[in-house]
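A.B. asks: All chains should be modelled from the sequences, with the hints used to inform the complete structure.
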Amino acid sequence: MEPTATQSPAIEFRDVAFTLPGGQQLLSGLNLRIERGETLVLLGRSGSGKTTALKLINRLLIPSGGEVHVNGQPTAESDVVRLRRSIGYVIQDVGLFPHFTVKRNVSLVPRIEGWADERVHQRVEELLQMVGLEPQIASRYPHQLSGGQRQRVGVARALAADPAILLMDEPFGALDALTRNQLQREFLALQQRLNKTVVFVTHDLREALRLGSRIALMEGGRLITVLPPEDFLRCGDPLATAYAQAFGESMDPATNRGPS
Amino acid sequence: MNVFHFMLQNHEQVLELTLEHLWMVGVSTLFAVLIGIPLGILSAHWPVWNRPVLGTANIIQTIPSLALFGFLLPVPWLGERADRLAILALTLYALLPVIRNTYTGIRGVDPAVVEAGRGMGLTGSQLLFQVELPLALSVILSGVRVAVVVSVGLATIAAAIGAGGLGEFIFRGLAMVNNQLILAGAIPAAILALSADFGLGWLEKRLQPQ
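In the order they appear, the protein sequences are chains A and B. Mapping of the first sequence onto numbering that gives the first Met the number 0: position 166 corresponds to residue 165, and the numbering continues sequentially without gaps. Mapping of the second sequence onto numbering that gives the first Met the number 0: position 149 corresponds to residue 148, and the numbering continues sequentially without gaps.
Because the hints were derived from the structure by calculation, they are not lab data. Note that the structure is a prediction, hence the values are computed from the model and not measured. All the given hints hold, so there is nothing to weed out.
Here are the simulated distance ranges between beta carbons:
| hint | chain 1 | residue 1 | chain 2 | residue 2 | range |
| --- | --- | --- | --- | --- | --- |
| 1 | A | Ser-63 | B | Leu-206 | 35 to 45 Å |
| 2 | A | Gly-21 | B | Ala-66 | 37 to 47 Å |
| 3 | B | Ile-62 | A | Glu-117 | 57 to 67 Å |
| 4 | A | Glu-117 | B | Arg-83 | 50 to 60 Å |
| 5 | A | Asp-78 | B | Thr-55 | 30 to 40 Å |
| 6 | B | His-44 | A | Gly-21 | 13 to 23 Å |
| 7 | B | Thr-122 | A | Ala-245 | 39 to 49 Å |
| 8 | A | Gly-235 | B | Arg-50 | 51 to 61 Å |
| 9 | B | Val-47 | A | Ala-115 | 35 to 45 Å |
| 10 | B | Arg-83 | A | Ser-63 | 45 to 55 Å |
| 11 | A | Glu-117 | B | Val-74 | 53 to 63 Å |
| 12 | B | Phe-3 | A | Ser-138 | 44 to 54 Å |
Where is the CB? At the ideal position from N, CA and C, for every residue including glycine.
C.D. replies: This is the structure we're talking about:
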């Protein structure tokens, strides 16, 4: 996968703004190109606009100004159902369907897309293995799973129809430190294999440094800076420095990444 | 036991009136479900409809039943047959619990689940039929249960306008000051209400999402 110069970026924000009906501006003047195969982390505190930016990509929100392009096409002009089915979406609360088994949860989109039973079955097995789950978990219900297992199922479900783009909104935020650490490690390994375009929202600097190929720092509905993790701690931006201090000084991304 | 002796002796009539009773309750509940669930969905998805829909159903509920039967009596076509009229009135009363519980059930679905569904690219009707309604089903059913139990009681009053049902015995008993006759209507009605309550309650439990 070598992105050529002529290839359009996977996702592009062009002067995007988002204002609530009440007039509160959540996002303004956002310009950002997200290249194919990269993991872009949107980092910021609550209310910085990172989740808003994410939801503009799959049109869960509609920009009040500017344009969002996915695969070179403005999302405003694309069929919203097709657009969403071509983008995997993972959220913190996972949102597994409680009345469906793991298998039905994971296979919902392929089924709706009319895949044959045999293909669906194979895909579910493949996906469960991919996210490190035992095959017998397929027949369980979400309430019978642990938090970490649920989040894995969420990732498997998002990957089901093999989307090129994956949106992840604090997917590991509600997990305990050990499980989170393990899932981050597995995410890196998986991403190396699958090479998806990932947009990852987090408020955790450690997570951002560990997972991101670039970090987009947001504050007050604006994009402050976009930097690769190596440069983030050295950039001298006051907000980035404040972040680094809040998370402790010794945060070298190289050592933090660890074995993957 | 005098009452049971009476019921046994007149078992054909008891059965006939019970069936009439069941017919009125069954048909009106069916109508209430067919009308109430869509209205509940409407007000859950489009909040503008919430007030007018639930408000109207609420107002209907406050009309005394005997008065409502009376109001509807002069309406053409309806007034021709008492059971039509009774079914309409019972339907109107059954609407509120059905609408309200459909509304509550759908609004009560975990927002994360709905958002995940939308984000995955489910269409509005896929989301409704595969996610929202199945998850709201036990709440909706408990509304239907309330509607049925109330209807069984209300339907006894339908006898006042000649619609038949177990109210026949009760009104006749009242007129003749005959407790046995009153009980011959009231006991089967109570049994109907209790068994509907129990049966639908059991179904509701079974359908409860984990």
